[in-house]
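In order, the protein sequence lines correspond to chains A and B.
Letter 100 of the first sequence, counting from 1, is numbered 100 in the numbering used here, and no numbers are missing.
Letter 26 of the second sequence, counting from 1, is numbered 26 in the numbering used here, and no numbers are missing.
Hint data in this document are derived by calculation from the structure and do not stem from the laboratory.
There could be a bad hint or two in this list.
[To be verified] No farther apart than 27 Å at their CA atoms in a straight line, the calculated lysine-lysine pairs in the BS3-like style are these: (1) A:70 with A:57; (2) B:68 with B:102; (3) B:107 with A:57; (4) B:102 with A:71; (5) B:102 with A:9; (6) A:57 with B:102; (7) B:68 with A:9; (8) A:70 with B:102.
Okay, here's what each chain looks like letter by letter:
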Amino acid sequence: NAGVTQTPKFRVLKTGQSMTLLCAQDMNHEYMYWYRQDPGMGLRLIHYSVGEGTTAKGEVPDGYNVSRLKKQNFLLGLESAAPSQTSVYFCASRESGGGLAGELFFGEGSRLTVL
Amino acid sequence: GDSVTQMEGPVTLSEEAFLTINCTYTATGYPSLFWYVQYPGEGLQLLLKATKADDKGSNKGFEATYRKETTSFHLEKGSVQVSDSAVYFCALRANSGGSNYKLTFGKGTLLTVNP
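In isolation and in its complexed conformation, chain A is listed as follows (with noise of 0.2 Å):
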């Protein structure tokens, strides 16, 4: 029962650099969406999907780019990686269904560091 998941765990980044996280999950979720935690700041909203083909920016969408071609995956694209960019990055996803009180999924995050 995998649910979400994300890879990879950890990665290190020179500045300038791209990469793409990628989140899947196996419980046919319409909604999937990227957060990044980062020390007192809680978890931060970067772009979200409502369903394939879809996504919308977050509040803090800016050096990110993702893309939700199949329904199960969402990715997260860094094209020139800075170092305000290191984070724990978190995938989760929720059925379209339950309205307000829907449940999120989450993975087990995403350990990136920019040098």
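Once you've looked at the hints, dock chain B against the given chain A.
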């Protein structure tokens, strides 16, 4: 906009002590309220939730009551255990601008329980 304010940590308690983590919110309408827990090295998972005023969410000995008059959703547990050591996040989801996609988190409270 929507916001969540929770008590700053860290909170350190001895085993079997009483726990309260305060959470207040600002939102339009009638949001759903949540507590998520993050154990070391893991993603967040739902601890409990409440969807309307005076509802009490409960799970694993934790409780929180949705108080609309004080816009609060304080987390309590009568007797904490070492295994409760984790970061606790208060969160809300409201109908903001007709959208209920976004979950707004507080900054998190680190709880450490000593034997």
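Hints versus structure:
no. : hint            : verdict
1   : A:70 with A:57  : 18 Å, holds
2   : B:68 with B:102 : 20 Å, holds
3   : B:107 with A:57 : 21 Å, holds
4   : B:102 with A:71 : 19 Å, holds
5   : B:102 with A:9  : 25 Å, holds
6   : A:57 with B:102 : 11 Å, holds
7   : B:68 with A:9   : 40 Å, violated
8   : A:70 with B:102 : 21 Å, holds
Of the numbered hints listed earlier, the single one contradicted by the structure is hint 7.
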